[in-house]
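Student: Below are the chains, spelled out letter by letter.
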Amino acid sequence: MTFILTAVLVLGLTGLVISLVLYAVSRKFKVEEDPRVARIIDLLPSANCGGCGFPGCAAFAEACVKSESMDGLKCSACKKEVMQHVAAIAGHTVELGVEKIAVVKCNGSCGNRPRTGIYDGAVSCAAAALMNGGDTGCFYGCLGCGDCVKACKFDAISMDAETGLPVVDQEKCTACGACVKACPRSVIELRNRNKLDRRVYVSCVNRDKGPVAKKACAVACIGCGKCVKACAFEAITLENNLAYIDPDKCRLCRKCVDECPQHSIVAVNFPPKKEKTESTENN
Amino acid sequence: MNTFTIGGVHPQPNKLTADRKIETLALPKQAVFPLSQHIGAPAVPCVQKGDTVRVGTKIAEPGGFMSASIHSSVSGKVAKIDSVVDASGLRKPAIFIDVEGDEWEPSIDRTDTLLLQNNLSREEIIERIKNSGVVGMGGACFPTHVKLSPPKDCTIDTLIINAVECEPYLTADHRLMLEHPDEIIVGIKLILKVLGIDRAVIGVETNKQDAIELMNSKLSMVSGIEVMPLQMKYPQGGEKQLIEAVTGRQVPPPPALPANVGCVVQNVGTVFAIYEAVMKNKPLIERIVTVTGKSVKNPCNLKVRMGTPVSQLVEYAGGMPDDTGKLISGGPMMGRPLLDETAPVVKGTSGILMIPESEAARREERNCIRCAKCVQACPMGLEPYLLAAASESGDWECAEENWIMSCIECGCCQSTCPSRRPLLDWVRLAKNRVGGIIRARNAKN
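Sequence order for the protein chains is A and B.
Per the numbering used here, the first sequence runs over residues 1 to 283.
Per the numbering used here, the second sequence runs over residues 284 to 728.
What the hints contain is simulated information worked out from the structure, not anything from laboratory work.
Among the hints, erroneous ones may be present.
To be verified - For each label pair, taking beta carbons as the anchor points, the in silico distance ranges come out as: (1) B:ALA423 / A:GLY210: 33 to 39 Å; (2) A:ASP246 / B:SER641: 35 to 41 Å; (3) B:THR307 / A:PRO261: 47 to 53 Å; (4) A:SER26 / B:GLU684: 36 to 42 Å.
What the hints assert, rightly or not - Listed below are several chain B residues computed to face chain A (Cβ distance under 10 Å; list not exhaustive): (5) LEU373; (6) ARG374; (7) ILE408; (8) GLY608; (9) ARG619; (10) PRO620; (11) LEU621; (12) ASP623; (13) GLU675; (14) TRP686; (15) LEU707; (16) ARG711.
Glycine included, C-beta positions come from ideal geometry on N, C-alpha and C.
Could you put the whole structure together from the sequences, leaning on the hints where they help?
Tutor: Have a look at this one:
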């Protein structure tokens with residue numbers, strides 16, 4: 001019986017002494033942390049995607065609290081309301097820009113872009129881009145090895161087995177820009193989400209002259225400039241045989257879509273057209 | 284018998300064209316000259332569309348210290364300056380020349396007479412080499428005039444002539460030694476004069492016994508130059524491997540150069556080009572290309588004008604066999620796959636290889652089983668499995684710490700891997716990235 005008593009006493013006393021020491025030490029060396037940081041971290045997505053330019057969500061939260069205003073601080077993965085909440089906790093006000101989404105600017109599916117060779121090296125776009133011009137005649141378009149899929153922390157990109165091209169899930173995409181950085185061919189761009197997620201963009205990055213581009217891919221932009229003339233808002237520019245639609249100037253009239261002889265301008269999330277003039281009149 | 288000590292593999296030699304004499308290929312209809320055929324800055328064109336050029340006319344000036352000039356190998360009119368897909372698989376700017384006749388620059392000595400002596404000084408020889416656009420003919424295309432001007436603080440004592448040709452299939456250097464031994468010896472003497480030393484060693488693998496015997500008989504009256512037969516092992520033709528095999532010295536990791544251990548290495552093809560440039564005033568406008576493959580009808584060694592489309596070489600060799608799975612520019616170990624036959628022959632094209640489909644296809648990739656065969660095979664003493672894994676996960680720091688910049692991209696690791704992992708692809712990627720990081724860091728400091 002006494003053995004048990006001794007054991008309990010010894011262990012209990014040891015525990016008590018150690019806990020007192022620990023308590024004293026923790027009081028003496030206490031790190032003062034702004035409680036707001038923890039609250040902001042709780043709001044952030046904790047994906048540590050790096051889209052904000054900081055090493056992770058915790059670093060971003062600290063920067064929010066420490067800085068004077070929210071200028072240059074933006075978590076692209078957060079919704080508008082969340083960002084406003086974060087700013088409120090940090091004691092700042094925030095002006096939110098337009099919401100963005102990653103857009104894959106290549107339509108070179110197996111049908112549109114005939115294969116000229118077989119690439120069977122390491123499954124990595126970066127390695128394929130180093131090796132040679134890829135397995136098609138297009139030296140600019142998607143290589144199809146899925147570096148963007150691997151880069152996405154939000155599981156928003158997947159490869160379409162049929163076309164061999166990446167598809168962005170518009171629900172999941174947070175426009176953090178990780179895929180834009182991962183793509184060695186700069187095929188992906190962050191563009192405005194617009195109302196009802198409607199977008200009009202040139203789905204091609206081929207800067208070759210018309211005949212060369214056309215030979216490589218059936219839906220390549222040939223730089224004919226028809227869309228530039230068709231656009232009433234000066235939103236389209238032509239550079240290096242490639243048209244580009246400025247997302248801030250585009251009014252989604254879709255005139256250029258009808259005009260493009262190569263069908264390389266794509267309009268998404270629009271209801272099917274009933275009459276040709278309807279949508280343009282609205283604008 | 285000497286060889287290098289670390290790693291190495293023994294691929295099937297397949298030297299199908301060792302007994303085929305060098306034949307001269309007809310002129311092409313149009314010759315294409317990419318502006319970056321060498322390591323360093325691309326050359327800058329000094330002709331314009333519509334200009335008339337002769338064989339040997341300089342068409343592009345060096346774009347910097349580390350660069351080389353380019354000469355027309357044909358006579359005719361400059362058709363355009365546009366881009367072309369070259370052997371690297373990427374589109375690069377190039378000069379296109381439509382061929383008309385075959386009119387040479389009058390300053391070039393076109394006779395076959397062997398010239399033994401000249402009174403040029405060291406500087407004049409280097410100047411001629413530079414003006415002739417000579418680069419390393421082994422495949423890396425390092426500008427030769429740069430290599431012949433080693434850093435001042437290094438004392439050079441040995442010139443090593445690389446006649447190893449360890450790549451399977453290729454026989455261009457072998458045939459050159461058999462058909463032009465005297466020219467090569469004069470070329471070696473010129474380099475010795477430039478370097479101010481009196482010892483040269485020609486490293487030859489034992490599978491070229493006839494070349495060893497011929498060179499030995501030619502050298503019996505010459506002092507200072509010797510032939511060293513080397514045990515067959517790939518990649519003995521690598522600069523650092525050859526230095527170790529011949530002298531027993533090991534070159535430290537980059538940024539150290541072979542000059543730091545007192546050696547300068549030149550390919551035997553380069554030596555021939557130096558002879559022609561200095562003694563005959565003939566710029567680098569031709570090279571010997573081995574066109575071969577197991578099912579090729581007429582495998583051959585061809586003397587080809589630069590800029591000739593590969594298709595013409597393939598046609599001469601009896602056309603592309605039906606079972607071809609891969610067309611390679613260079614040897615099977617280090618060569619680059621060609622997407623089509625329109626690519627032009629450039630200064631570094633040592634061979635055109637048609638591999639049957641059954642051998643070309645990569646088999647299914649499996650997981651790494653940590654057998655360390657790649658470590659055993661690596662001639663630089665690296666750990667390819669680790670470098671590949673670091674590359675795959677984007678850990679560039681780990682790759683740099685493990686000496687990725689020492690990799691010579693010989694492909695031993697990949698060829699020996701039982702799991703058929705694309706180790707070299709990953710290592711190349713990491714090497715490219717780490718190289719960029721190092722350059723950016725150096726630029727900052």
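Student: All the hints need checking, so say for each whether the structure fits it.
Tutor: Status of the hints after comparison with the structure:
1. B:ALA423 / A:GLY210: 33 to 39 Å: 37 Å, holds
2. A:ASP246 / B:SER641: 35 to 41 Å: 53 Å, violated
3. B:THR307 / A:PRO261: 47 to 53 Å: With a Cβ separation near 49 Å, THR307 of chain B and PRO261 of chain A satisfy 47 to 53 Å, so the hint holds.
4. A:SER26 / B:GLU684: 36 to 42 Å: For SER26 of chain A and GLU684 of chain B the Cβ distance comes to about 38 Å; the hint holds.
5. LEU373: Hint on LEU373 of chain B: holds, closest Cβ of chain A at ~6 Å, below 10 Å.
6. ARG374: With a closest approach of 6 Å, the ARG374 of chain B hint holds.
7. ILE408: 38 Å, violated
8. GLY608: 9 Å, holds
9. ARG619: 7 Å, holds
10. PRO620: Where the cut-off is 10 Å and the nearest Cβ of chain A is about 7 Å from PRO620 of chain B, the hint holds.
11. LEU621: 9 Å, holds
12. ASP623: Constraint on ASP623 of chain B satisfied, holds at 7 Å.
13. GLU675: 7 Å, holds
14. TRP686: 20 Å, violated
15. LEU707: At 9 Å from the nearest chain A Cβ, LEU707 of chain B passes the 10 Å test, so the hint holds.
16. ARG711: Holds: closest Cβ of chain A sits about 6 Å from ARG711 of chain B, inside 10 Å.
In the structure shown, a violation is registered for the earlier hints numbered 2, 7, 14, in ascending order.
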